[in-house]
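Note that the protein sequences, when read in sequence, are chains S and U. Residue numbering for the first sequence is 1 to 278, as defined by my numbering. Residue numbering for the second sequence is 279 to 633, as defined by my numbering.
Calculated from the structure, these hints are not laboratory results. Note that the Cβ used here is the ideal one computed from N, Cα and C, for glycine as well. Take these hints with a grain of salt, some might be off.
To list a few chain U residues with every Cβ distance to chain S over 12 Å, as calculated [what the hints assert, rightly or not]:
1. L427
2. L440
3. G528
4. D580
With a Cα cut of at most 27 Å, we get these calculated DSS-like pairs of lysine-lysine [claimed, not checked]:
5. S:K272 x U:K323
6. S:K272 x U:K327
7. S:K272 x U:K380
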Amino acid sequence: MTAADPVLPPRLPVPAVMRANRSMARTAFRSLVTHQVSFLFGLLATAFAALSMLYLWRAVLANGPVHGFDWPHMKAYLLLTFVASSLVSSYVDYRMAGRIREGDVAMDLVRPVGYQRARFVEALGFGVYELGTGLLVVVVAALAFGGVPGPAGGEALVFAASALLVFPLRFAVVYMSGLLVFWTQNYIGVQAGRIAVVTLCSGALVPIVFLPLWAQDVLAYLPFVGMAATPALVYVGHLTGSEAWRAVGVQAFWVVVLWGLGRAMWGAASRKLTVHGG
Amino acid sequence: MASITFFSDDAAVTLIEVAQLRKVFRRPDKRPGLAGSVRHLVERKFVDKVAVDDIDLRIDAGEAVAYVGPNGAGKSTTVKMLTGVLVPTSGTVHVEGRVPHKDRIANARRIGVVFGQRTQLWWDLPVRDSLELLRDMHGLSDAEYGRNLERLDATLGLAELLPSMARKLSLGQRMRADLAAALIHRPPIVFLDEPTIGLDIAVKDKVRAFARELVAEGTTVLLTTHDLGDIEDICKRIVIIDAGRIVYDGGIAAVLAEYARERTMHFALAQAPMSLAPIGARLPGAVVSEGPSASQVDVTFDPSVVSAGQVLVAVQSEVEVVDIRIDEPAIQDVVRRMYAGELRDAPREGPDAPP
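Here chain S stands alone, though its shape is the one from the complex (with noise of 0.2 Å):
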């Protein structure tokens, strides 16, 4: 009996690799599902702030419109950046930094999967549960708060794809900010420091209209407002039009660079990498 058989071919064909892929983001949604009570805490403390905000628009809003913003599109507007800002939530920097730092990334390693594609399906399978939650709280919250106006007319189009843009951007963010541990050794900093300039500057907090003009300028051109804002904008109808387009271009910018970027960064960090002990 021999070991195996010597040709293999070099690459898995493509049904091969979308059977691994789905393999992949299943487990990691399962393992996520075990995490669960310890996850839901994480989400009540997420959905108590989108309520005080809630609330807080509510006073500032009640004596009439600021910025083109009244209150039922603010509302909209809230929830659905809510919605964004729970997708790739922290899970997946923070599992990535920790096996990082403890070593058992030689693990994930001697996997015949590339690094990032892995971690990018995992983050698809968690995020598919965070879906889920985040879009329950945000209905349960619309009731509560006497419900929202639809879409924007006719901006059904653009508003998908930005939508579905949000999701590697904020994958590709979280995971060069994740690698950021091969140079710093410590996590919580670098996440702490993350959260706050995506918050912020994803308009999630407030809306960047709120914002100086400057910063309005500066972060129309920054992957951050791709992140959560762009397609609250196109849904309360702020965004419309070739507009709109422009701005989901400049998601779709940022999608490529940032994954090339990141891909680069893997590079540089896996030769940084010490291993030591089994």
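We have chain S; now place chain U onto it with these hints.
Positioned in the frame of chain S, the structure of chain U alone reads:
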């Protein structure tokens, strides 16, 4: 550069080829305390730690090689460069002609890796789920997977483990499951890095029997360990590494017969003996010496000359024994003796050379 070398009809194929391999880790050199950390921000100082220092190694198809050395010798670092986990500082590595860290995924499909202190299993899921995930990552058909699983089940007793959550397994069970995870795709090259670390004797024996079976099937095995007991009847060739350098590469039988035969029995006595001479007189061929305290005696002996029973009887007939402990020969002792010039670096024996 052709790195797979074919010899005439003997078909001795070099699967693993390592030349002048070095790995240097760079670590920040911080002074202690907060002041040291702050100072490090301004004045960055690093120290280089050479983990693997200029190693040359060739392993042929079907060979079973023990890669042995004390803790921190550089064994794991070498394995991690062979598996594509770490990027070498300099030198070359080829596994089946591939450079592992550049062609990591293709390499990963051809090798099986067990790191004794880590696990490939998803911690929160049943073992079966982890194996099925690996099935899909390796693109195995259900039929292949079923066959391989059955074969692994026969030697590792997997059936009882499959429904268990990985984090609930005992260390021994986890190792069996991890061996299955590493071998589910029937790789022709297997790296076992400290597979018996922390295991009890019964499980160690099971793991060793499994490794023997792999070798018998023609799998190329590199077994890393600091436990000499692991290698005796698994490998014919031993490579000993110390402080990042290969200090011996040759037949295993010579090393074990000459330098690892001795056992030491440590006796704790009821009271300090007047003299050790009477014990020594009863045991010619053994070395009797005082232990760490006056009421302790150490007897170092060669089991092929004096049996443990004889040593025990001899000591007991002179003094009252309270407790006994036996030390197995340790790799550190072999390395120490090598430096003392007792073991010469022998020319390497081929895999087919008589043991």
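Structure versus earlier hints, numbers of those that do not hold, lowest first
none
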